[in-house]
Amino acid sequence: MKHLTVLSFFILLLSACSTKAPSDKTQQLADLQAEQTKLNQQITTLQNELGVKAGDTSNKQSHRETPVALSEIKPTSFSHFLEIQGKVDALDNIGVSTKMPGIITAVFVVKGQQVKKGTLLATLDDAVFQQSVQELQNSLDFARTIYDKQKGLWDKQIGTEVQYLQAKNQVESLEKKLATLNQQSELYKVYSPLAGTVDEVNIKPGEGIAVGMPAFRVVSLSNLRVLVDIAESYYKDIKTGDAVEVIFPDLNKSVNASVKAKSNIINNLNRTFQAEIRLPANTDARPNMIANVKLKNYMAGNALVVPVNVIQNSEEGDYVFVADKDTNGNSVAHKRIVTTGKIYGSGAEILSGLKTGEKIITNGYQDLVNGQTIKF
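Going letter by letter, the sequence shown gives residues 1 to 376 in my numbering.
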């Protein structure tokens, strides 16, 4: 009896389950259909916004009209400049030293003073030297006295010719020695070797000085140059006489000049060669001042030039987008592989890949793909 009751219970349970299952599946189907309807509505809305025809789910960008700006390619002159930092150097920048060691007795100039060539700058103690001069002068005076007496006697045919000639020779010898000493007296004086400005005064009265020790520095600002070190790869591009622009950032001014000379030797340490640029007078530049030099090392008369920012890179190489027409007459963007040359400033020279009259896309090119419809 007990087994019969349990069996009846399971039969009723299975019957209830089999009755409920179709109802659950029907509800699930209805829910999915409602979700599908909602998704279809969203898809349709997006297709309308993107301009894609109904049923086309590819959503290709080429079906959009992307607004762009164009620029027509025209031949123009193109120049490339080297911009190199150099420094101002004075050709007449001389450290003045004494020719004799000694004690400074007087200094006649101050720093910043204008001097002429040959201006006396300082003197050294020459007391001992002057004693030697005086002793020689005394000897010369005595020799002249002897000579005068011998000459008087010889004129009267008294004495020998040898005595007369010895007295004469003694006078001439002492005169030459005295002249030499007088010339040597200039060694105790320091003169300016050129006209310019006293830039340094390194001595004071009473100080000792040795030969070769710079006592003064005299600089002339009338003969200035700029020295620049240029990479050896540009050696063939720089020629004597080339026009350059020299910019002085600290003076907020620039001057036009030319290449005076270039070195024939490449520096083995930094692989550069030096070029010299002579500056015109009255530039207000000063020795060791920084100067930025612009040297033209390339020029093309009929170059095709595009803005450097429109050039993009891919595995195929550099490319730009060019405006063209498709078979339906629609304006489209075509990817064009180009070969670039020199780049300077905001312009890049195009050696191949573009033709005169073609229109490149200069704005809106960032989001384009090859063949995409455009408007302008």
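Don't read these hints as lab results, they were simulated from the structure. Careful, some of the hints might be misleading.
Stated by the list, open to error - List of simulated lysine-lysine pairs, DSBU-like, C-alpha gap at most 35 angstroms:
| no. | residue 1 | residue 2 |
| --- | --- | --- |
| 1 | 236 | 117 |
| 2 | 342 | 355 |
| 3 | 117 | 25 |
| 4 | 204 | 236 |
What the hints assert, rightly or not - Ranges between beta-carbon positions, derived for each pair:
| no. | residue 1 | residue 2 | range |
| --- | --- | --- | --- |
| 5 | 260 | 85 | 33 to 43 angstroms |
| 6 | 375 | 318 | 19 to 29 angstroms |
| 7 | 172 | 112 | 16 to 26 angstroms |
| 8 | 100 | 169 | 53 to 63 angstroms |
| 9 | 179 | 159 | 55 to 65 angstroms |
| 10 | 112 | 274 | 58 to 68 angstroms |
| 11 | 362 | 111 | 58 to 68 angstroms |
| 12 | 229 | 301 | 47 to 57 angstroms |
| 13 | 220 | 274 | 15 to 25 angstroms |
Glycine included, C-beta positions come from ideal geometry on N, C-alpha and C.
Each hint tested on the structure:
no., hint, in the structure
1, 236 / 117, "41 angstroms, violated"
2, 342 / 355, "18 angstroms, holds"
3, 117 / 25, "116 angstroms, violated"
4, 204 / 236, "52 angstroms, violated"
5, 260 / 85: 33 to 43 angstroms, "18 angstroms, violated"
6, 375 / 318: 19 to 29 angstroms, "26 angstroms, holds"
7, 172 / 112: 16 to 26 angstroms, "49 angstroms, violated"
8, 100 / 169: 53 to 63 angstroms, "31 angstroms, violated"
9, 179 / 159: 55 to 65 angstroms, "29 angstroms, violated"
10, 112 / 274: 58 to 68 angstroms, "31 angstroms, violated"
11, 362 / 111: 58 to 68 angstroms, "59 angstroms, holds"
12, 229 / 301: 47 to 57 angstroms, "31 angstroms, violated"
13, 220 / 274: 15 to 25 angstroms, "22 angstroms, holds"
Hint compliance for this structure: hints 1, 3, 4, 5, 7, 8, 9, 10, 12 are broken, all remaining hints hold.
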